[in-house]
Every structure is written in C-alpha cells, then in structure tokens.
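J.: Based on the sequences and whatever the hints tell you, model everything.
One-letter residues, chain by chain:
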Amino acid sequence: MKYLSPLFLLIGSLFSLNVFADELTDANEIINKANLAAYYSADDGSAQARMIIVDAQGNKQMRQFTILRKDQADLGNQNILVFFSRPTDVNGTVFRVVKKVKNDDDRWLYLPALDLVKRISAGDKRTSFVGAHFFYEDVSGRNPAEDNFTLLKTDDDFYTLKAIPKDKKSAEFDHYIVNISKTTFLPMQVDYYNSQGKKTRSLAVLKTKVIEGFTSVMHSKITQHNDGSYTEMQFRNVKYNLGLPDSIFSERSLRNPPKAWLK
Amino acid sequence: MVKVTTIVFKSIKNLIIIATSFFIAWQGFASELTKNDDDDWGNDDWGEEAISPWRFSGFTEVGYGYLLQDNIVASNASLSEITARINLDYSHQSFEFVSKGELIYDDVISDTYWQTRELNISFSPTESTDIKLGRQILTWGTGDYIFLNDLFAKNWQSFFSGRDDQYLKSPSDSAKGTWYIGNYSLDLTWTPEFTPDVYLTGERFSFYSPQTKGIVAPAEDFHVQQTNNAQWATRIATNKNGVEYALYGYKGFWPTPVGITKNSALQPSPYFPQMNAWGASIRMALAGGLFNVEFSSYSSIEDHEGKDPFIANGQNRFLLGFEREVFKGLTASVQVYVEQTKNHDELVAHSATPETEVDENRQLLTLRLTYTALQQKLIYSLFNFYSPTDKDGYLKPSLTYRYSDQWSFSGGANLFWGDKKHTFFGQHQQNSNAWLRIKVQF
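First to last, the sequence lines map onto chains A and B.
With our numbering applied, the first sequence corresponds to residues 17 to 279, in that order.
With our numbering applied, the second sequence corresponds to residues 178 to 619, in that order.
Just so you know, these hints were derived from the structure itself, not from any lab.
Careful: at least some of the hints might be erroneous.
Claimed, not checked - With a cut-off of at most 27 Å between alpha-carbon atoms, the simulated BS3-like pairs for lysine-lysine come out as follows:
(1) B/Lys554 / A/Lys215
(2) B/Lys554 / A/Lys134
(3) B/Lys428 / A/Lys134
(4) B/Lys505 / A/Lys118
(5) A/Lys76 / B/Lys505
(6) A/Lys118 / B/Lys417
(7) B/Lys505 / A/Lys178
(8) A/Lys237 / B/Lys505
T.: As structure tokens, this is what we get:
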C-alpha cells in the first residue's frame, strides 16, 4: 500500500486540478472543502507547535506543545491530544478533546501537580486557548453548521465568503469574511466584524508547506485590532497518516503520554 | 509583659525577613521589566533544539499571610515562608523518572527544611499495564474541594494558609498499578505505611477540642499515635460516549485522627481508627455544562454500631455538582453535599457532649466563581462553603496575576465564620487570614 499512495496522491492532485478548472459557486461546498483542508488532512497527524502571545504592552509569553489528531470520519468527529512542554510550569499538562460535529465536544485537562483529570465544560468554545488569542475553536475548527455562508466574490486566487452565525448570541462577532485559496482550499485570511461593521479580530496564514501531499499551515497569526495584541503560531515536524491507534486517545495518555508518537 | 515584648519582637523580625524577600523578588521583577528583546521568538532557535532526556526546572516563591483576628496560636503569621523548588526529570524510552523537592524556610515554625514532593519511577511492563513506584501525588473522584472517594492524603494546613492549590494534595509513598482492559481501567494503589492528612495541630491554626469544650492550640503537645500499617485504594473506571463512570474501594484508616485511645495505663491520645469505604461516581456533559454525582460509604471498623464515643461513626457521603460558563470569561459551579452519620441515635446516646455532636445529615453547599480577564492572565476566583445545618461557612477569595511566563503574583484570604465554636468551619473563625505570594519560575 505504501507504494500505491504516491500514485493516489498524483491522481488526487490531477483530479483537484480538474475541479479547479470549473470554479465552484456553492458556498457550502467551498466551506466543506476548506474545513477538510484545514482540519481533516489525512486520517491522522501529528505536529509540534509553539505560540508567542504578545499583549498590548508588548509583553510576551510562550507556549510549546505537541498535537496528535485522529479523524473518526472526514468532516466527522475527531480525537485530539495536546501535550504541553513549555513554559516549565505547564510542562506535563495534557489537553484532550473529543470533537463532535453533532454535540458539544468532550474536553479534559490533566494537571500533573495535582494528578488531576479536570473535565472542562463545553460551553466556552470561544474562550482563549491557554492564554493565546487563538480560541479553542480556532485550534480544533469551528463547526460549519454554526454559520450561514454566502459567496461574496471569486477572483483569481480566492473565494471570498461571508459567514453569519445562526445563533448570534453564541459568538462575540456579528459576522466574518473568509478568503479561501482556490488551489489549496485553505482559509488564508479570516476577518471578524462586530455589529457596527468594525473589524475586531483577524486570522492570517503567513506560511504554508506541502507535506506528504497536504498543504499545511506552518505559521499563522491572530491579531486583536482594538489594542494591537496578537498571537503567532508556528508548526514543525508535521506528519500525516501515522497509523495512530484509537487506544491512545484515552485517559491513559494524560498520565502516561504515548512517547512513541511524540517524537 | 516579657511575653508581649517577645511577640512584638518576633513579629517585627518576621516582617523584616518577609519584606526583604519581597523586595529582592521585586528587584528581580523590575530588572525583568527593563529587559528588551527585539526578536519576537527571543533567542530560542526552535529548529535546532537539542533534545535531552533530562529536564530541569523549578521556582522560587515568597509567601506571607496574617491572621485577621486574635488567636491563641504562637505566631500571628499564618504563612511566612520562602520556597525554592527544584524539579529534575529523566525520560527514557522504557521509563520516566520524576523528582520534585523543595527547600523551605518557614518562619511560622522557625525552621528550614527539605521536602521531597515527588520521587518516582513509572513504566509499562506490558502493553496494557502502567506502574508507578515511589513518592507520588494521587487523586481521583469528582468533587471540587470536597472529597468522598479520594482518601489520599491532603494538606489542610496548606489549604487554610493560602499556599498554591497543588499543596492541598500531600504526597504518599505508594505503588500504583493501572490495568487497561478494553474501555475499562483498573487502578490499585498500595501505601505500605499509612499516610494521613496534614491535619491541624495547633501549631499554625487553632481548633475545637470536645474534651476541653473550647478552642485549643496544643502544637508540640498534640501527640497523635501514628499508624504504620498499609492502606489500599482501588478504582474501576470507564467512559461510554463521554459519560464517565467509576467504582471505588478503600481499606485503611480515617485520614485524620478521629479516634482516642483507651489504654488505661497511658494518657489517652488521638489516633487513626480503621476505616473501609466503597463508592461510585458519574460525570457527564449536560445542559451546556458539566454534571457530576458521587457517593461514598465509610465503615468505621472499630465502631460498627456507633456506640463508641471515642471513635468516629461511619458515614454516607453524597455529592451533586454542576458547572457551566455563565458568560464569556465567567464560570460558575455549584455543589450540594450531604454527610450522613451512620447510627446517629447511638452517637448521641453515648456522647458526653451530645449538644455539640454533628447533625445526622450535615449539609454543605458550595459556589465557585472564576472570572478570567486580560487573556487569562488575571484570574479572579471565589470559592464559598456554606453549611445550613452547621450555620457556618468558609469563603476563599483570590486574585492571581500572571505577569509573564516567569512572574506571577497572587493574593487572597481564608475567611471562616460560624454561630458556634464547635462546628466544622465555625471552630476556625480565629484562623481567618489574608495572604500574598510572589512566584518566579525558571
């Protein structure tokens, strides 16, 4: 099978080139493809990540972690583990998510100093992920079913879509505008607006790289416009189709991280 | 008069020492402020990071707390210490070694001592077995500051004095094995020498004595007969579609000295009577929040029928909890807890002081509010215990500011109140205190 996969990839890319020739006009189809490209590459994956969090005064904080992900189905439920290594006071902290498309996600945080497996309530998806400007939802992916999409325009490089939350109370923004690459389907720029039409928050992809056939985000940045504070996130050691066993996505990995998959 | 002078002198000395360490901490902090690196990522060359199996880290922390009311304990300071923590870990393909220890200068008891917090090795002898041996922190159960099936050692002195939450759990020298079978896990912990809670002795905090019918602070005169027999604890846990189920068992001793020896030849002294327990818990997502329910039944082996006034009766403990985000940044959680004393009629009938015995169903309500601001760097926290049956309570407000990955500042209070001197929280009214901590990580 190993020898076959490059062939499949080749066929796959020829196929996508073909699709590219016919421009898409259905907003939901574009969003589904974007969701696949951004959060469901391959069946599983791992990456090392670091974030630098810069506040309005220029004070910096750093977070470093390794992510393991396995999809139960494309555009379906996912298992995610995040192992923190820096700063030193969060070393050994593990975050576990069962991302559910139809229900609230299940989330746990392991705090090694207390040997405590703390469950986190599901409601607060749009709160900061470990102090960063990224929300939990930005890391694990916002469910497309939460928004209504309209295709605003199509140019040579991007599909530009507008998204309005179905439940306005569920989010702090009024709507967002997303530019999706026509070639890779990765969302490259997302701007969030408040009800006065003012841009409040932006996500920009600064660097991508093709890894094992999947275009992967290597560097991105979220900016808070009211005070200029921001978070940058970088990835390295991005790998796909590792064959991660289902069994590692369990409470066991919180206390006993699966070292073989974290290298 | 001499005594007053000594106390005043000691207080001044305390203040000077602590003020000096705060000053030193502040100096370090100020020099941190003036540092300026141009590159966002600092000098950290992420691409070429050397991977060493050794990992070294630690922190230094200065803490000071003061009793808010007149108390009979020796020191007016409830917390007055400098802690230097060192963590050294080694990661090998087939095992993990963890060591955490700290050197503490504790001015409340005028002592400098070393404390090994963790010293353990963990490995997986088979694909479905994990073993951890040595000094370790053990935790399970679903309660928040309320413990039913978690009978592992707790440090109540730390909890009352405003030390970091991690110190609420006291380590024990144990062997822990976990077996994984399908979606089930079985934990078994064996502590060859029973590890009790770090309970109140009168050294830092006073407490109520039913014998003298008053508040006492015996300190060094509080002689507790130690137990060096083993304690066992076990748990079977599973997770079905996000609903977590667990069953628990315990064989050992009461974690606090709730018995009094009856050997007529010797002075009666407090000791840890035998106790067994079993229980169950469920935790699940519900109504946009988290719901948990837990039960535990304690059997007081040496006083099955509850007739012995010198040994605590068995109990049934019930807990219901719910937590959810109220609005962005604010999370609220409530708990309802009932502690039912078994054979309560017998307890009252045989008690020398029936009027101060606990209610048959002692009720406790808790409320936790956590508000995070400034990108989670500022955390407001409020935890309130309130007992409608004891008519007493315990309020724990705190404020934590994480200035950077190195520096954090926190302050708070432990406020006890109650109508009566003998109730669970009422007896601690004079132990109410306010505290301040500065911590620097490295």
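J.: Work down the list of hints and note, for each, if the structure agrees.
T.: Verification of the hints:
no.: 1; hint: B/Lys554 / A/Lys215; in the structure: 24 Å, holds
no.: 2; hint: B/Lys554 / A/Lys134; in the structure: 20 Å, holds
no.: 3; hint: B/Lys428 / A/Lys134; in the structure: 26 Å, holds
no.: 4; hint: B/Lys505 / A/Lys118; in the structure: 22 Å, holds
no.: 5; hint: A/Lys76 / B/Lys505; in the structure: 23 Å, holds
no.: 6; hint: A/Lys118 / B/Lys417; in the structure: 17 Å, holds
no.: 7; hint: B/Lys505 / A/Lys178; in the structure: 24 Å, holds
no.: 8; hint: A/Lys237 / B/Lys505; in the structure: 22 Å, holds
In summary, the structure agrees with every hint in the numbered list given earlier.
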